[in-house]
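Starting from the known structure of chain A, fit chain B onto it as the hints suggest.
Protein sequence lines, in the order shown, are assigned to chains A and B. In terms of the numbering used here, the first sequence opens at residue 1 and continues consecutively. In terms of the numbering used here, the second sequence opens at residue 1001 and continues consecutively.
No wet-lab data here; the hints were simulated from the structure. Predicted model only: the values in this text are computed from it and were never measured. Worth double-checking, as some hints may not be accurate.
[As the list claims (entries may be wrong)] Derived pair list, reagent style SDA-like, types lysine to any residue, alpha-carbon separation capped at 25 Å:
1. A/Lys121 - A/Leu175
2. B/Lys1054 - A/Lys83
3. B/Lys1054 - A/Val56
4. B/Lys1054 - A/Asp14
5. B/Lys1054 - A/Gly328
6. B/Lys1178 - A/Asp333
7. A/Lys179 - A/Pro115
8. B/Lys1041 - B/Met1251
9. B/Lys1136 - A/Gly328
10. A/Lys83 - B/Ile1128
11. B/Lys1054 - A/Thr283
12. B/Lys1054 - A/Glu53
13. A/Lys82 - B/Arg1122
14. A/Lys83 - A/Pro115
15. A/Lys83 - B/Met1124
[Stated by the list, open to error] For each label pair, taking beta carbons as the anchor points, the in silico distance ranges come out as:
16. A/Gly349 - B/Ser1320: 50 to 58 Å
17. B/Met1124 - A/Asn188: 55 to 63 Å
18. A/Val101 - B/Ala1243: 37 to 45 Å
C-beta atoms are modelled at their ideal positions from N, C-alpha and C, and glycine is treated no differently.
This is what each chain is made of:
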Amino acid sequence: MPLPNENTPPWTDDEHIECVMIIPEAPDVRTFIFRAPSGRWFRYRPGQFLTLELPVSTATIWRTFTISTSPSQSLSISVTVKKNPESVGVAWMFDHLRPGVRLKASGPAGLFTLPPRPDGKYLFISAGSGVTPMMSMTAFLFDRGEQPDITFINCARTPRDIIFRSRLEHIASRLPDLKLHFVVEHTNPYEVWSGYRGRLNQIMLGLMAPDYLDRTVYCCGPEPFMEGVRESLIALGFDMGNYHQESFAAPVETAEEVPELADVIVDDTPAEVVFTKSDATVTCRESDTILAVARSSGHNIPSGCTFGLCGTCKIRKRSGEVHMVHNGGITEDEEAEGFILACCSHPIGRVEIEV
Amino acid sequence: MATDSDVLAALMSRRPGFSLPQPFYTDAGFYDCDLRNIWYKDWLLTIAAPEVPKTGSFVTLQIGNAPVLIVRGADGAIRAFHNSCRHRGSRICAAERGRNAKLTCPYHQWTYDLDGSLVYAREMHEDIDPADFGLKPIHCETAAGIVFICLAKDAPDFAPVKAMAEKYASPHDITNLKVAATRSIVENGNWKLVMENNRECYHCAGSHPLLCRTFPDDPNLIGSFEGTSVTVGEDHVRRCEAAGMPSRFYMEPNGQWRFVRIPFIGDACSYTEDGTPAVTKRVGQVPFDNAGSLLFFHYPNTWNHMLSDSVTLFRMTPISPTATQVYTTWLVHADAEEGVDYDVDRLTRVWIQTNLEDQAVVEENQRGILSPAYEPGPYSSLQETGVIQFIDWYAATLQQRLTGRSNTMAAE
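The following block holds chain A by itself, in its conformation from the complex (with noise of 0.2 Å):
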């Protein structure tokens, strides 16, 4: 494979990637590592995910994850995943992904990263998995060369769970604005725990992070998780123009896939939606999604399953703009036509549907 030179372009999404190494980095966790096999280097914002294409079985289905790397390490490109009971995309990373193997890959996309000047001061929470676009926002801050200033929590269900623990710990140890909690909800029998134990709340909060007010969070990980944070944040009074996060698309009690992560930053600008044949303006926030909208407000849309993929919610859109981020339940040129699926578009600002 050869080495990029200045001439060399960065990848694009035409050229498949090739797995190169495969890391164990917690029970049911891995890393899979990938370069482009003509040399190329990977461009992309920390914090952005991939779109991976994996052949199961007869079908082709689509994943995205969260980019484990940082942009800074640019001749490679990973992805650090979990495998959950109810997996089937990562499931079959698991059984068939080996060094060799290669695959087509769409991105890096995303709006779940770092400002073009990442100069300030950084709080970023995370669970399980949700650690990822935090390990490579600070691997990108640390390589840098800077002295960020990062407050990073991440919460697991027991430390042997915590993802990249140690090599936090080795960038810890590099830069003294870099404080790391861990939080775990059980310990390990016979093995010294000192850290935090439980659920993450507003007293480890203020705790971990007494200067929270002047940091800009960046949350990622189960949506209940999230909603906690938010209204520990809300709570104690933070400008939540400052918080971003990023969610799992996909409802974890469906089985039909784990971690799936959207590009959604979701916070809460206030927004509207209007339902063209009953006349009626609802006021929501930009967080809620079309379809909730329309329940609680007594608007009739047929729903299935909730997360883009069975497009049974599709609806046409009049005006204005959402934000979606769908699992192939609708095509592009439906989209150009104007419609949207309900369960999985979120409004920004206001938005003018035909319901």
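Just chain B now, kept in the frame of chain A:
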């Protein structure tokens, strides 16, 4: 209701060269026997590939009791599936045509990928293995831009049809045409009466004055044997073949399908009232306007006309012992612009009119056959050789499938 042995007995005792005994056209048992032994066993023409132009485009149709779904996948391949959800059997697509990113059953939202694999079954993933519950595939082949399906578990060899279709139809480049119009009518007649009526032009002068302006009703040209004994036919075939278009009469050895290119009357170029082209852009690589019509029939369900300016596909599907759907599709050059290069009314008028006229004669035929006084009558050996050929194919095929032996048995 009649049983298979009743059908077999009726076949063995039929009088060759005569129309079939009454129950073949009226009886539910005979109809069921046709479905199981012909319609669920043979290759059937369904649509032209351009009818499903994009990823997720689908068309549904009904073959007897079998709802069928034809869909283009993300990989560009056209596939056919039984249109029945693996959950509790509901039809997945009810519309005649449309476009979806996924195939989602409207009943409980079981969701299938365009390749038929089950990708989502709400709150049931732990109970079932999705691999066991994909949509049931149907054999599906595309030949020269025409999509055929076969519902049988083991389909007959399609390679000969495909090879010959690609040879004869290639100048018309159906893959790259577009659908200009479609029409569906129900004829209240047994499917065999629809095909019988199509296989002869004995009735044309009396029933199809508009069609007969351009279409020659000479049985020597359009019958089911080589029509080049007629000078005009032989000249036309020679001229077209010299210009690179395969045209000479070819019939498959068992008589199930045929290609031949015939001339129109005089200078006519198309099925229009004055014979002039209906579309200003020629299809494919047809070298001149007056190329006549490439005729292609394939039993049990289709006959087709491929011209220099358009291609018209006809498919029929049985609805009941005495009802048949006839579906017509007109295709033109993909770049031809409606209202500029062609007028849909002018393009479709002759065949819409002719179909309605055929509907009337088939329905009168059916009414008369239902009469207690009906008995089989003789086909014309001059005018109705095509009908004799079709009925012989039908009888031989059905007999073979009912007995597992070829029709030599009838002579024993």
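Checked hints:
1. At roughly 14 Å between alpha-carbon atoms, A/Lys121 and A/Leu175 fall within 25 Å of each other, so this suggested pair holds.
2. With a C-alpha separation of about 35 Å, the suggested pair B/Lys1054 and A/Lys83 falls outside the 25 Å cut-off, and the hint is violated.
3. Of the supplied pair hints, the one linking B/Lys1054 and A/Val56 holds, its CA atoms being roughly 23 Å apart against a limit of 25 Å.
4. Note on B/Lys1054 and A/Asp14: the hinted pairing holds, with a Cα-Cα distance of about 21 Å set against a maximum of 25 Å.
5. Distance restraint check for B/Lys1054 and A/Gly328: the Cα-Cα separation of roughly 15 Å lies within the 25 Å cut-off, and the hinted pair is therefore satisfied.
6. With a C-alpha separation of about 18 Å, the suggested pairing of B/Lys1178 with A/Asp333 holds against the 25 Å cut-off.
7. The hinted pair formed by A/Lys179 and A/Pro115 meets the criterion: a straight-line CA distance of about 21 Å does not exceed 25 Å.
8. A threshold of 25 Å between alpha carbons decides the hint, and for B/Lys1041 with B/Met1251 the separation of about 20 Å falls inside it, so the pair holds.
9. Using a Cα cut-off of 25 Å, the hinted pair B/Lys1136 and A/Gly328 holds, with the two alpha carbons roughly 22 Å apart.
10. Only pairs whose Cα atoms come within 25 Å are accepted, and A/Lys83 paired with B/Ile1128 is accepted, the gap being roughly 19 Å.
11. Proposed proximity of B/Lys1054 and A/Thr283 is contradicted: the alpha carbons are some 38 Å apart, above 25 Å.
12. This hinted pair checks out: B/Lys1054 and A/Glu53 have alpha carbons roughly 20 Å apart, not beyond 25 Å.
13. Restraint check for A/Lys82 and B/Arg1122: the C-alpha separation of about 22 Å stays at or below 25 Å, so the hint holds.
14. A C-alpha spacing of about 31 Å is found between A/Lys83 and A/Pro115, which places the hinted pair above 25 Å, so the restraint is violated.
15. Taking the CA atoms of A/Lys83 and B/Met1124, the gap is near 19 Å; set against the 25 Å cutoff, the hint holds.
16. Checked against the hint of 50 to 58 Å, the pair A/Gly349 and B/Ser1320 passes, with Cβ atoms roughly 56 Å apart.
17. B/Met1124 and A/Asn188 have their C-beta atoms about 35 Å apart, which leaves the hinted 55 to 63 Å range violated.
18. Take A/Val101 and B/Ala1243: their Cβ atoms lie about 52 Å apart, and the range 37 to 45 Å is violated.
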